[in-house]
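Chains as they are written, first to last, in the UniProt record's numbering: chain B, 1 to 130; chain Z, 1 to 413.
Be careful, since some hints might not be right.
Derived DSBU-like pairs (lysine-lysine); straight-line CA-CA distance at most 30 Å [said to hold, decoys possible]:
{"hint": "1", "chain 1": "B", "residue 1": "Lys36", "chain 2": "Z", "residue 2": "Lys42"}
{"hint": "2", "chain 1": "Z", "residue 1": "Lys42", "chain 2": "B", "residue 2": "Lys37"}
{"hint": "3", "chain 1": "Z", "residue 1": "Lys57", "chain 2": "Z", "residue 2": "Lys129"}
Cβ-to-Cβ under 8 Å is the rule here; a few derived chain Z residues that face chain B [said to hold, decoys possible]:
{"hint": "4", "residue": "Val87"}
{"hint": "5", "residue": "Leu90"}
{"hint": "6", "residue": "Glu92"}
{"hint": "7", "residue": "Tyr94"}
{"hint": "8", "residue": "Ala96"}
{"hint": "9", "residue": "Ile106"}
{"hint": "10", "residue": "Ala113"}
Source of the hints: derived by calculation from the structure; they are not laboratory data.
As the structure is a prediction and not an experimental result, all values here were calculated from the model.
Ideal placement from N, C-alpha and C gives every residue a C-beta, glycine not left out.
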Amino acid sequence: MASPAAVRELQRDLENKANDLSKIQKDIAKNHQVRKKYTIQLGENELVLKELELLKEDANVYKLIGPVLVKQDLAEANANVRKRIEYISAELKRLDATVQDLEEKQNSKREAVLKVQQRMQALQAGKAKA
Amino acid sequence: MGSPRGEVTPFASLFPVDEAHKAVKRVEEKIAEKQKEMDHLKEFIADNNSIINLVSKLPEELHHDIMVPFGKAAFFPGRLIHTNEFVVLLGEGYYAERTSKQTADILKRRGKALDSQVESLKANIKDLKAEASFFDTTASEAAEGLVEIREDYVDEDLGEEHFESALKGKGESPGLNEKTRMVEDDDEYTRLMARLDELEKEELAAEDDDESIEDDPVANGALEDANEQKEQSNTIESDTVNSEHFQNAISGDLLLYQTHSMQRKPQEQEKIEDVAAEALSNKYQSDLSLNDEQNRTGSTIQPLPKAEKLSSKSSTHETKRHLRNEKASVLPEGKIEAMSSATQPVHMQSARPPSNSSKTEASQSGFDSSKAFTGSIVERSTDVLTTKSATLPPSDSQSKPSRPVSRFKMQRR
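Input sequences plus hints: build the corresponding full structure.
Structure below.
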């Protein structure tokens, strides 16, 4: 009567929640990857900055844009690299916040899924008794 | 084994064999990944070193004759000039013109960075390997069917249990500890039994003192009060002892407390039975007391309750032994059990004064009927009789056959 329908409803609910949970988990994984990339880039940029500082004033600096090596000013190169570093740090911070958010959502979804599962179990136990 | 005072959990239930194996595989996969990265980095380092060599060697000549690669599958002879000018990749698409020495410096710095990366990876791999070996041992132990026996310590907190569960690999050591504890427990048990005997002797001595000063009723009454107080203090002491042990039990594991209470229940039941037996026997006594013959019969009855008490005591001994054999014995547990059984006879003995007091009431009611029986003697000295009868029965119950004679003497007065 009401119980099979309730069970089906609960099952649908469970599926939805499980889907949401998996989506969130995928987002978190992507976030991790992007974060890794950015972290590596940040490290590299800091190395470049160090080397640039070691250069003499009149040394030639080139930048690889596509297949072309373009001559650049040392000061300009310095500024560019610094800006890039700032940009990457900001991106990392943003990603951190997103990851936190996603993790919280994931936890809440997990709890919801558990609750639905418990309700289903209770229902099934009740049905078994009856 | 009867009801376990500890927990016996097979490793297989705590760490299912399949899952343990899966965990081992997962960790091994991670280790493999890290190894690959390690190899990668090592290649880089090797390349770096070779480049440094080359860069330092090139400026030795003004120009080098080389075979220049041309496309995918062709070379042509050429010359390498400007042997001291290098355009070095700094990173992120930035290049810099440098001399050979400066290039070598850059490369060396890069090499150092690579080395530090390799070191961190090595540490990572070491941790993972430790984890893998741990899982491995757990899996093998679970497969063997090794059992984790968790015993409860009095002094340990619940946190200790987690500690024990963390040291899963040492599931065997608690078993060894148990054996040593069993030996100690036996010694402890004998010691406590000796103490029990001492306590009983003290009790008897106190009652004997009580009987010796029978002739003076007032003093007797005072002494009886003093005795009651003493025995009450005994009960208080035993209570404090119990409370101490209860506190220990509470500070220890809840399980211990429950089992302790479970143990006490049968003991308490025995106590109740003892008291009931005593009350019955005492009532019987009071109904038949006052006259010589009755006293004699009462005296004959007296050995009976004594025998009953003895039998009940022996039964408690037996149960104690039974309990001892039952458990997988932990020393503090054994202590508590023995202590509780030690206090129990005290309880028994302290139960006597209450039973005595109840007996006095019963004896008083009994004496009402006996008053009618003794007739004139009662009328003359009812107060004396009642007081004397009130005071006398406590000593009477434990008195020897000779005593009733003196009591009868008093009655005549």
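Practice task
Kindly indicate which numbered hints from before are broken by the structure, ordering the numbers from low to high.
Solution key: 3
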